[in-house]
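Listed below, chain by chain, are the residues.
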Amino acid sequence: MIPALGAQYLGAQLPGVDLVPATFNYAALSPILVVLGVATVGVLVEAFVPLRSRYAAQVGLTLAGLVAAFLLLVLLAVNHQTATAGLKVLGGAVLGSVIIDGPALFLQGTILVFAILGVLTMAERLGGVGADAFTPMGSATPGSGQEALALRAGSMTSEVFPLTLFAVAGMMLFPSAGDLLTMFISLEVLSLPLYLLTGLARRRRLISQEASLKYFLLGAFSSAFFLFGTALLYGYSGSVYLPDIAAAIPQGGSELNGLLVPGVFLVAVGLLFKVGAVPFHSWIPDVYQGAPTPVTGFMAAATKLAAFGAILRVVYVGIESARWQWSPAIAVVAILTMVVGAVLSVTQTDVKRLLAYSSIAHAGFILVGVLAFDRTGVSGVMFYLVSYGLTTIAAFAIVGLVRADGAEATHLSQWAGLGRRHPWTAGTFAFLLLAFAGIPLTSGFTAKFAVFEPALRSGATGTIMVVVGLLASAVTVFVYVRIIVLMYFTDSQNDAVAVVTPSVMTTIAITFGAAMTLVLGVWPTELLQLSASASQFLR
Amino acid sequence: MHTLTNGLGAYAGPVALAGEGPVTAVTASGITAYAWLLVALPALGAAILLVGGKRTNAFGPLLATLLSWGSFVVGLLVVISMAGRADADRAAHLHLFSWINVGSFNLDAGQRLDPLSMAFVLLITFVGSLIHVYSLGYMKDDPDKRKFFAYLNLFVAAMLLLVTADSYLLLYVGWEGVGLASWLLIGFWNDNPAYATAANKAFIANRVGDLGLSVAIMIMFFQFGHVDFASVDAGAANASPGALTAMGLFLLLGACGKSAQFPLQSWLGDAMAGPTPVSALIHAATMVTAGVYLVVRSHAIFEGSPTAQLVVVIVGAITLLFGAVVGCAKDDMKKALAASTMSQIGYMMLAAGLGPVGYVFAIFHLLTHGFFKAGMFLGAGSVMHGMNDQVNMRRFGGLRTVMTITWATFMMGWLAILGVPPFAGYWSKDKIIEAAFIGEGWRPWVFGLAALIGAGITAFYMSRLFFMTFHGKKRWTEDIHHPHESPLTMTIPMMVLAFGSVVLGAILGFGQTSLLQSWLNPVFGITAGTEGEPVLPANLLLGLTLVLVLAGAGLAWVRYVRDVVPEIAPHGNLVTQAARNDLYQDAVNEGALMRPGIHLTRSLVFTDTRGIDGAASGLGALVIGASTRLRKLQNGYVRSYALTMLAGVVIILGAVWVMQ
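Chains U and B supply the protein sequences, listed in that same order.
Its first residue numbered 719, the first sequence is counted upward by one per residue in this note's numbering.
Its first residue numbered 15, the second sequence is counted upward by one per residue in this note's numbering.
Read the hints as simulated data drawn from the structure, not as lab findings.
Lysine to aspartate or glutamate pairs mimicking EDC-like chemistry, simulated, CA-CA at most 20 Å apart: (1) K646(B) <-> E928(U); (2) K487(B) <-> D577(B); (3) K646(B) <-> D1068(U); (4) K68(B) <-> D155(B); (5) K68(B) <-> D156(B); (6) K68(B) <-> D158(B).
The shape of chain B in the complex, shown without the other chains (with noise of 0.2 Å):
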C-alpha cells in the first residue's frame, strides 16, 4: 500500500521547491507514516460492504461505523504527534507510490499531512463517525441499510483523501469521489423520481464545478509542468499574474460548484432529498465546505491575483445574502437549513478571498459551522423522525415539550449560529465580520456592511425555524397522534454536537493569539498579529452585530411565537413569493443554461445528420464506388495479372526514365 520516501531523495523536486515556501514538508515517520490508513479504512469499509453483498447485512454498518472511528482514531493520533512537533516541522508529506510516470512528467501519489488537512481529518472522521453512529438509529428500518453505510464509508474515504491528496490530481480524484458519493446517496431513494432528479441535477451542477478545477489543473500543468501543491506553490510565486488569475478563477468556479456558491448553488436545495444524515454530514458539515478547502489550499494562487482574490470574496458576499434572504422564506425544515448552510459558506468563501487576515477565520467557521450546523440537521432528522417524516414547519409547533432533548440540542445550534457569546459561531462569524471591515477604499464597507446585515438576516431566519418548530401552538396534521423524541443512537451524537456547538468555539478561538491561529498560522506562512485594523473600532461591529442579531431574533418571536402562524403559508409579497423559489435560480438556470443548450443540441444534432452523416455516407459510397470498379481488375485471368505487374512495372521504370 505504501512505500517510505528513503530519506528526501526520491521525491527531491518538490521538496526543494517547497523549501521557498511558508512551509516545507518533513518525511512522514512515526505513527504519521501510517495515514494513509486514514483513507483505506472507510474505503476497505466501502469495499466490504459492497463486494460483500447481502452477506454483510447483518453487521455491515456496525463495521463501517467502527472504521469511521478508526479512521477518526488515527486522525487524532496523527495529530497529537503532530502537535508535539515544532512549528516549522508540523508539515509532513507522505509518499504512496509513484502514480503516473509518463515521459518527462512524473506525479507521485502522496499524503500532505499539515495542520490545515488534519483540521479538516479530525472535523470529518468525528462529525462523519457520529453521523455514522446516528444513522445506525435513523436508518433501522430501511431495507438498504447496508448499502447506505457502504456510500457513507466510500464519502469518508474520498473527503479524506481529497484533504490529504499531496497534489491537486489527486485531490481530483478525492473530488470526484465526494461528487459520486454524493450523488449516490442524495438520490437515495431513487425510486422517488423527483429524489432521482434532484441526485442528477447536483451532479450536473457539480460537473460545471469540476470542469472548472480540471481546467485550472490543466493550466497548472502548462505553466509549472507540475501539479503537486509544493511545486504549484513554488512556481506561483513567479508565475503571471494573467495566468494567475485564469487558475484561481477556475479553481473558483470548482469551488463554487462543490460548496453551492453563487452562482452554482442550485442543487444544494433539492439535495435534502437525500437521507437526513446524508443532508448533515455531506451538505453541511464536510463536502460543501471542500470548496473553501480547495481556495484556501491554492492561497499561494489567489495571493498572486488580487482578481481572483476580490472575485471570491465578491461570491461570498452575494451567497452570503443570498442563501440568508431564500432562508428567510422557506417552509421546509430541511431547505432551510440548506439555504442557511449556503450563506455560512457564503461567510467563510468572503474570509478565504480576503486574504490572509481571513483565512484561519475562513477555517474556524468551517470547524464551528460543521458542529452547530450538523448538529441542527441531525435536530431536523429527529423532528422528521418523530413527525412521520413531515418537514413543513408550518405544521410543527411546540415540539419543546415532547421533544426535549431534540429542543435542547437544538437550541445550542441555534444560539451558536446566531453568534450569542460565549457560543461557537460567536467565535468564528464574529472574526469574519470583523475581518470583512478591514481595508481602504470601498470594499471594507461593501463586504463588511454585507457580512454584518446577513448576521441579522440569519438571526431572523434561524429563530423563526426554531420557534415554528418547538415553540407556538401545536399545528400538527391528524396523523400525528404520539410525537416522540427519538433512540439514544440518534441523540447522543446530537448531544454530544451540542456541547460541540457550545465550547468549541471558545476552545480554539480564546485568546489574543487563538489556539487555532498558532496551530494554522504557520501554514499560511503568516506571524499573528500583523493584521491591519479594520475601518469601525471592533468592539463597535461587535455591539452593532448583537444588536442586529437580536433585532433579527426579536422580529421572528413577534411573528411566530407571539402571532398566530398560519398552517397554509400566506400568499406574501414579491420578495417572499421570489425567496420562496429560491429568487428564480432554477428558471435563471433554465433560461440562461438549459434553452439555449437544447437548442444548440438540436442544432448541432440537426448538422450531425444533414452535414457530418451526409458527407460520410457520401464518402462511403464514393469508397464503394471505387471499390466496386477497381474490382473488376481483379477478373481471375492470371494474364491479366501478369499484364497489371507489368504495366506497373514500366510505369516506375518509365517514371524514373523520365525524371533522370
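Extracted from the complex, chain U is given alone in its bound form (with noise of 0.2 Å):
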C-alpha cells in the first residue's frame, strides 16, 4: 500500500506557506501514465497518420497500451501482496494524493478489462472503414451535406480511441484519488471525454448531441455540488486529505462543525450523480438512450465501477465514523432508488432506456452493500461492479447487433420472435437477462448475495434495505422475463430486424462478458476471494 503521489504534507500549517516538493512513486503511477501516455500518442497518430491506415494504427494502439498497462497494474499487485508487510509501519499517517492500496489495485485493474472488451465493441466496424457505432464527422450538422461528404470521403472519427483513453486514465485516478481536490480532478478528466463520446453516434444524431449536451450540462451541475462539498469539509476539517477529514470528526467540537454534514452530501451528490443513484438519476435514461451503444456499454460498466470506487473510498477512509450522521439519508436515496430504477423499468419499450432503468436499480442494490460498513461489504460490492460490469458490456453489444435496415433496433416490439430467427443472440441475451434478475447459477445471484449478506448483518436499516432490495428484484425479474417471453414465445411482425454477424473483436467481447457471467455464478470463490483480499483501504 503505498502513497503513490504524496505531498509530506503538515496539516495544521497554512498550505501555501509551507508547500514540500511532492514525492512520486512512479512505478505504482506506471499503469495510470501508460494509459494517459498512448492517449496521447493517439492524438499524434489522429494527426499525422492517413485516414488509410489510421483505423488500424488507433485500435492497435488502444488495445496494446490497454493490455500493457493492465499487465502492469497485475505486475505491481504481485508485488504490492509481497510489500503489504512493511508498510504497517507506517502507522495511521499517511497521507498522498494518490493511493494505490487493494481496492485501488481491484477496481482499476476491473476498468482496464473494462476498457478492453469497451474498445473491442467500439472498434467493430460491419464491413465500413471506420468503427460502425460514431458518425464521420462529429462537427457536422445532423442530415446535412457536409455529412454526406465526409461520409463518402470515408473520414471517421477515430478520435473516440484516444478520448476513451483519457476517460479510463480518470476513471482509474477516481477510486485511488486520497484528497478531494484529484478526486475532482480525476472526475472531470473521466466525464469530459464521455460527454463527447455520448455525442458522436452515426444514427439517430440529435438524440445523440441532445444527450450529450444533457449530460454535460447536469454533469457540470454535479461538479459543481462537489467542489462546493469540497470546500465545506476543507472549512470544516482544514484539509481535503480524507484520512485527514476522518481524523478531525471524533474531535468535533469547533464552530464549524455544522459543516460537516451538509459538506458530506455535497461531495455524495457528485459521487451518486455518477452511478446514477435517484433523485440525481434523471440523465441516465436519456444519456444511455442517446450514446453509441458501444459507448453506453463502456459507460455503464466503468462509470459505475470508478465512481463507487470514489463512493468506497470517501465512505471508508473519510467519512465513517460520522456515518451515524449521514447514513440513514443514503439509506433513504438507496431504497429511493431500487424502487425508482425498478418500477420505472416496467414500463419502458426501448431495450436501451430499459436497461437504463436496470442500471439505476442496480445502483441501489450496490448503495446496500456501501452501507455495510465492514470489509465483507467492500469485497461484496466490488465482485457486484465485476460482474454487473461483464454482463452489461456483453448485454449491450448485443443490443448493438440487432438492425433494423441498418440502424439498431431498440423498441421491445422488434424483438419479439428474436429467439426463433436467432436463437444463439437471444439466447445469450436471455442468459445476461437472467443474470441482472439475479437467478441462480449467474453472476447476478452471487453479486447479490455478496451485497446483501454483509448488509443484512449489519443491523436494522440493512435489513430494511435488503427487503426493499428484494422486492424491487422481483419487480425487474417481471421487466426481464418479458423480454425473454417477447422473444420466444411471441411472434415477429417485422422481418426487417436481423442480427448482423459481428467482427471476431465484439464477438470476443461478448463470448467473455456471457461466461464471466457463467463463471461468477456457478464458480464465483476466486474472484470473491481476490476481491476479499483486496477490501482493506490504506487509511
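Two chains, two separate frames, one set of hints: put the complex together.
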C-alpha cells in the first residue's frame, strides 16, 4: 500500500506557506501513466497518420496500451502483496493524493478489463471503413450535405479511441484519489471525454447530441455540488485529504462543526450523480439511449465502477466515523434508487432505456452493500461491480447487433420472435437478462448475495434495505422475463429485424462477458477471495 | 473412483463414535478396498447399454449378465476375506470420496461392508445374476431386450448401493435408484396403458414412503448433526425417546412404501405388470425387502423406542394376515405370488420389530424367501412362457406332465414356503413364529397367534396355487396346443434356486448357534443364547405349525385336486369377493386420499387463481400504474432534471437540518 503521489503534508500549517515538493512513486502510477501516454500518442496519430491506416493504428495502439497497462498492474499487484507487511510500519499517518492500495488495484484492473472489452465493441466496423457506431464527422450538422460528403470521403471519428483512453485514465485515478481535489480532477478527466463520446453516434444524431448536452449540463451541475461540498469539508477539517477529515471528525467541537454534514452530502451528490442514484438519476435514461451503444455499455460498466470506487474510498477512509449522521439519508437514497429504477423499468419500451433503468436499480443494490460498513461489504460491492460490468458490456454489445434497415432496432416490439430466428443471440441475451435479475447460477445471484449478506448483518437499516432490494428484484424479474417471453413466445411482426454478424472483436467481448457471467455464478470463489483480500483501504 | 482413507484419521469422527456401538468398522483393505466395484460394475453396464444405444444390441444383454456375475464374484471375495477375520474386525469401512462439504456439515460417501450388508450383497448379486441368465431366455424375442438389461443392471447397482451405503443419505440415493429402476421395469411394456398406470401407481405409493425416509433423515440431521450410520448409532444411545420414536416411525413409513407393507401395500399387486423376471428379482427377492434392511440397519433407533418397535410388529402382523387372505382369492398366478410376498415380508417385518431376538431371523427368512420366492416367480414365468402368457390359474391344471422341470423346481419352492422340514422355509419361518411367542403380557399371544395362523393360511393358498397350476384336469384355453418346457437358460436358474430352497435353510440355520447367527450377531452386538423363552414350549409350537400347515394344504387338496375347479371363478361369498379386490385397499386409498386430495387441489387452484393470482395481478397493475405516473417526471427537459437534483439536495439538507 503505497501513497503513490504524496506531499509531505503538514495539516496544521497554512497551505501555501510550507509547500514541500511532492514525491512520486512512478512504479505505482505506471498503469495510469501508460494509459495517459498512449492517449497522447493517439492524438498525434490522429494528426499525422493518413486516413487509410488510421483505424488500424488507433485500435491497435489503444488495445496494446490497455493490455500493457493491465500487465503492469498485475505486476504491481503481485509485488504489492509481498510489500504489504512492511507498510504497516507507516502507521495511520499516510497522506497521499493518489493511493494505490488493495481496492484501488482491484478496481483499476477491472476498469482496464472493461476498457479492453469496451474498445473491442467500439471498434466494430461491420464492413464499413470506420467504427460503425460513430459518426464520420462529429462537427457536421446532422443530415447536412457536409455529413454526406464526409461519409463519401471515408472520414471517421477515430479520435474516439484516445478519448476513451483519457476517460479510462480518469476512471483509474478516481477510486485511488486520496484527497477531494484529486478526486474532483479525476472526475472531470473521466467525464469530459464521455460527454464528447456520447454525442458522436452515427445514427439518430440529434438524440445523441441532445444526450451529450444534457449529460454535460447536469454533469457540470453535479460537479459544482461536489466542489462546494469539498469546500465545506475543508472548512470543517482544514484539509482536503480524506484521512485528515477522518481524523477531524472525532475531535468535533469546533465552531465550524455544522459544516460536516452538509459537506458530506454535497460531495455525495457529485458521486451519486455519477452512479445514477435517485434523485440524481434523470440523465441516465436519456444519455444511455442517446449515446452510441458500445459507449453506453462501456460507460454503464466502467463509470459506475469508478464512481462506486470513489464512494467506497470517501466513505471508508474519510467519513465513516460520522456515519450515524449521514447514513440514514443515504439509505433512503438507496431505497429510492432501487424502487424507482425497478418500477420505471416496467413501462419502458426501448431496450436501451430499459437497461438504463435497470442500471439505476443496480446502483441501488450496490449502495446497499456500501452501507454495510465492513470489509465484506467492500468486497461484495467490488464483486458486484465486476459481475454487473461484464454482463452489461455484453448486453449492450448484443443490443448493438440487432438491426433493422442498418440502424439499431431498439424498440422492444422489434425484438419479438428473435429467439426463433437467432437462437444463439437471443439465448445469450436471455441469459444476461437472467443475470440482471439475479437468478441463481448467474453472476447476478452471487453478486446480490455478496452485497445483501453483509447488509443483513449490519443491523435494522440494512435489513430494511435488503427487504426493499428483494422486492425490487422481484419487480425487475418481471421486466426481464417479459423480454424473454417476447423473444421466444411472441410472433414477429417485422421481418426486417435481423442480427448482423459481428467481427471477431465484438464476438470476443460478448463471449467473454457471457462466459464470465456464467463462471461467476457457478464458481465465484476465486474472484470472491480476490475481492476479499483486496478490500482493505489504506487509511 | 475411490481413495483409501489414510489410516483412521481421515474419518476420525464416525469411527470415534462408532467405538461406542456394537461394532467398530475398520478401514477397508485388501480385496475389500475394491468393494466399490460392486456398484461400479453393474452401473457401468447400465451406462454402456443406455449410452451405447443400438450398437450394443448384439452383445449388451450378455455383457450386462457378465457384469452382474462380476459383482457377485467381488462380493464373494469380500465375504471370504471377511470370514477370515475375527468377529470384531469383520465390519469394514471404505471411504469413497468427500461428498458434501458445506459449512460445518461434512459427509463423505463411503461403503459400510459388514456381515449384514454382505449377506444382502450375496443375495442380490447371486439371485440377480441368475435372473439375468433367465432373462436371456425369457426376453429373447423382445425388441427392447437391451433396454431391459440396462435397467436390470441399473437396478442391481442401485440396490447394492442401498445396502452398502455408509450413511442414510447415500442409502437414500440407492433407495431412489431402485425406485426408478422399479418404475422403469414395471412399465417396461408401457404401450399398454394399464401397465404404465401400474408403474406410476408403484412410483407414487413409493413417494409417500420416500417422504417418510427423507423426513427421518432430516430429523437425524437435526438431532445429531450427522446422517452416517456410525454417528447416528452412537447418537441414538443418548437421544430422547420422543425423537427416536419420530425417527423410527418415519423410517417405518419409508420401509412400508418400499416393502409394500400396510398401509402402503396397494402397489405390489399391480407391479406384476412388469416382465416376470422383474417380479422375481425386484418385487420378490430384493427391492421389496429393502424396508426390512432399513429397519434392521436402524436397530439402534428402534431399540431406543419401544413404541416404534411395537408399531413395526403391528404393521408386520397386519400385513402378513392381509397378504395371506388376499392370496387365497387371487386367480392370477403372479398376483397370488405377489400377495404371498407381501405376507412373507410381513413376517420379516414382524421379526425385525421384535428386537434383538428377531433381527437374525428376519434376515434369515429374507434370504431363504429370496431364493424360494424368486424360484417360484421364475416358475410362474416359465409357465406363462409355455402357456401363451396366460396367468389365470383356472385355465391351467395338469401341467405336471408337460413341464416336469418347472413342476419339480416349483414344488421345492412350495415345500419351502410351507415350512415343511427340512426345506428352507421351515428353518426361518418357524424361528420367527417361535420368536413372536417370546415376551410378556398380551403381545406374544396376539403376534404369535397371528404368525401361527398366517402359516396355516399360507399353506392353503400356496397349495391352492400349486395344485391349480400343475395338478388336476387340464383346463387350458383353445389357443394352447403344445405347452412346452422352457429352454435351459430359464430352467437352470430355476434349478439352482430350487436347490437353494431345499438346502439353504439347513446350511444357514442348523445347530444351537447357527451359521447365520454367528455371522450376524456381532453386527447387532448380541451374544447367542440370550433370547427369552417362548410362552408355549418350542416343540409344541413346532407341532402346532405343522398341523396347521398340513390342514391348510389338505384343504387345498380337497378343493382343488379332488373337486373340480370351475373355469370361471364362482361368485363366492363376501369374504372371497373382498379378498379378490385386495380387501378394497384401492377403494380405501381412493376415498381416504385421492378424493380429498383432488378436492384440496381444486380448492388450492381456486385460491391460486382468485386470491394469489389476483393479488399478484393487482400488485402488478399497481406497479405499472406507479411506473406510468413516475415516467412523466422523465420529461426530457434538462431544466427539470436539474430541478429534480436540486430538490433532492434541498430535501436531504433540510431533513438533516430539521433533525439536528
